[in-house]
Amino acid sequence: MRTIPAQTIIDKVAEMCIAANRELPEDVLRTFKERQAAEENPAAKETFRQLLENAELSRETGLPLCQDCGLAVFFVEMGEDAHVEGMSLRQAINEGMVKGYKEGYLRKSSCDPFTRKNTGDNGPAIIHFDLVPGDKLKIWMMAKGGGSENMSRVMMFPPAAGWKGLREFIINRVAEAGPNPCPPILVGIGIGGNFELAAINSKKALLRDIDDKHPDADIAKLEEEVLASINKLNIGPMGLGGKTTCLGVKIMVAPCHLASLPLAVNVQCHSARHKEVVL
Amino acid sequence: MAEYTLTTPLTDADIEKLKSGDVVYITGTIYTGRDAAHKRLTDSLDKGEALPFDLKGALIYYVGPSPAPPGRPIGSAGPTTSYRMDTYAPRLHSLGLKGTIGKGKRSPEVKDAMAKYKAAYFGATGGAGALLSQAIKAAKVIAYEDLGPEAIRELTVEKFPLLVINDCHGGELYTTPNLEAALAG
Ligand code: SF4
Numbered sequence: 645m646r647t648i649p650a651q652t653i654i655d656k657v658a659e660m661c662i663a664a665n666r667e668l669p670e671d672v673l674r675t676f677k678e679r680q681a682a683e684e685n686p687a688a689k690e691t692f693r694q695l696l697e698n699a700e701l702s703r704e705t706g707l708p709l710c711q712d713c714g715l716a717v718f719f720v721e722m723g724e725d726a727h728v729e730g731m732s733l734r735q736a737i738n739e740g741m742v743k744g745y746k747e748g749y750l751r752k753s754s755c756d757p758f759t760r761k762n763t764g765d766n767g768p769a770i771i772h773f774d775l776v777p778g779d780k781l782k783i784w785m786m787a788k789g790g791g792s793e794n795m796s797r798v799m800m801f802p803p804a805a806g807w808k809g810l811r812e813f814i815i816n817r818v819a820e821a822g823p824n825p826c827p828p829i830l831v832g833i834g835i836g837g838n839f840e841l842a843a844i845n846s847k848k849a850l851l852r853d854i855d856d857k858h859p860d861a862d863i864a865k866l867e868e869e870v871l872a873s874i875n876k877l878n879i880g881p882m883g884l885g886g887k888t889t890c891l892g893v894k895i896m897v898a899p900c901h902l903a904s905l906p907l908a909v910n911v912q913c914h915s916a917r918h919k920e921v922v923l
Numbered sequence: 007m008a009e010y011t012l013t014t015p016l017t018d019a020d021i022e023k024l025k026s027g028d029v030v031y032i033t034g035t036i037y038t039g040r041d042a043a044h045k046r047l048t049d050s051l052d053k054g055e056a057l058p059f060d061l062k063g064a065l066i067y068y069v070g071p072s073p074a075p076p077g078r079p080i081g082s083a084g085p086t087t088s089y090r091m092d093t094y095a096p097r098l099h100s101l102g103l104k105g106t107i108g109k110g111k112r113s114p115e116v117k118d119a120m121a122k123y124k125a126a127y128f129g130a131t132g133g134a135g136a137l138l139s140q141a142i143k144a145a146k147v148i149a150y151e152d153l154g155p156e157a158i159r160e161l162t163v164e165k166f167p168l169l170v171i172n173d174c175h176g177g178e179l180y181t182t183p184n185l186e187a188a189l190a191g
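Heads up: the sequence lines are chains A and B, in that order. End of the first sequence sits at 923 in the working numbering; the numbers just go up one at a time, nothing left out. End of the second sequence sits at 191 in the working numbering; the numbers just go up one at a time, nothing left out.
Extracted from the complex, chain A is given alone in its bound form (with noise of 0.2 Å):
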């Protein structure tokens, strides 16, 4: 048994939250550079120089790449050889997601859904856990904002749709929200397991890296036809046009129920922000 002091997951945690609200990964910078010269069309060109110089701005002034700083979603692995002293896992990571989010100045987006009072501390916190084998503790943290959130959908398919209606519905879905989730966008998509799996598994999708290859051969080039189509929306940055609708689509797939064919599509703003760590 190993233990890991609750503290530790406390300052850790609240460091993820700020760091993932100024630094946009690098895979995300590099891609904005790369269709910045790929597109022709103006504006296009012209918002990818903003959200350059934003990302430049946020980290060097350390405001938040974007105002809304999201709902804190965490993934964690828990191995099933450690141990958290002090107070529960949950609480640890609540308490650092409160701390961060008021020591980095980052906005309090959580509220009542019936009286709308805002929480005032971001809380409680998102957390998925799973346990896995050996005595290491890993965290992923995601800043999900609202405008991207409310344009994802989860749908139940009958097993005859197959693949075809998938890919409708995502399309479909990716053209309805148009400029609304802050174009480009990412596309965590969710295939199989059951009705929450599904919503689970395409935001899980989303903390790869743009450049990531699926390991299965057939998957990866669904990901990447998917992306080919929505690209030809020509919604483009922030919805002016361009070939740049999404950066990347990521899948994941789960076995499901005979009966049923679950898909879920998270969108994610081009303010992917996230940040890991092992402990």
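Honestly, the hints are just simulated from the structure, not real lab data. Even glycine gets a Cβ: it sits at the ideal position worked out from N, Cα and C. Treat the hints with care, as some may be off.
Claimed, not checked - Residues from chain A that face chain B, not an exhaustive set, calculated with beta carbons under 7 Å:
| # | residue |
| --- | --- |
| 1 | 707 |
| 2 | 710 |
| 3 | 735 |
| 4 | 823 |
| 5 | 836 |
| 6 | 873 |
Dock chain B with the ligand against the given chain A, drawing on the hints supplied.
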């Protein structure tokens, strides 16, 4: 596509010359307001109460800024998605509101109201909150402080960069997605 520098409050003449696609720099005062604040503004109107600011010639920026760090007037301040305010916008336009600032599509009702009452819808770059905050020189909460990021703030802006998405002549800048091409593969 023209470029204009406009000073608030905006007039009918200011709005009439704008075409979708024009770049506009706003200098002066703009007001923040989003979901919960719009609900309260509308409730006040229903009760016949005075609003916390004068709607005549005004611009509302759909934004919920992040907290101001020491030494800055405001935190990050980029636009939020506008469709959520569509229910409220036509009524405010009928009372003199000259423009709204946000990102994303507007409803046909809002576009009709803009044509009828001479108003425009401006887009700011979504997600560029750190960059846009540089044009905000001062900020003060003037109503609904308890709403936190959703409180109404009076912002003093200098050359705040905007793009005309919908003008009062029916012009629209957003492209219509080419579904046929995308579905064909
Ligand atoms: S969709 Fe993303 S980039 Fe756009 S405002 Fe929301 S969090 Fe920011």
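- Query: How about residue 873 of chain A: closest beta carbon in chain B under 7 Å, or not?
  - Reply: Where the cut-off is 7 Å and the nearest Cβ of chain B is about 5 Å from residue 873 of chain A, the hint holds.
- Item | Hint check, residue 707 of chain A versus chain B [nearest Cβ-Cβ separation less than 7 Å] | Holds. Min distance 4 Å.
- Supplied contact hint for residue 735 of chain A, tested at 7 Å Cβ to chain B: For residue 735 of chain A, the interface hint is violated, since the closest Cβ of chain B sits about 24 Å away, which is over 7 Å.
- Status of the hint placing residue 710 of chain A at chain B (closest C-beta pair under 7 Å): With a minimum Cβ separation of about 5 Å from chain B (threshold 7 Å), the hint on residue 710 of chain A holds.
- Query: Under the criterion of a CB-CB separation shorter than 7 Å, is residue 836 of chain A in contact with chain B as hinted?
  - Reply: Since chain B brings no Cβ nearer than about 23 Å to residue 836 of chain A, farther than 7 Å, the hint is violated.
- Message: Take the shortest C-beta to C-beta distance between residue 823 of chain A and chain B; is it under 7 Å?
- Response: holds (5 Å)
The structure fails to meet hints 3, 5 from the earlier list, while all remaining hints are met.
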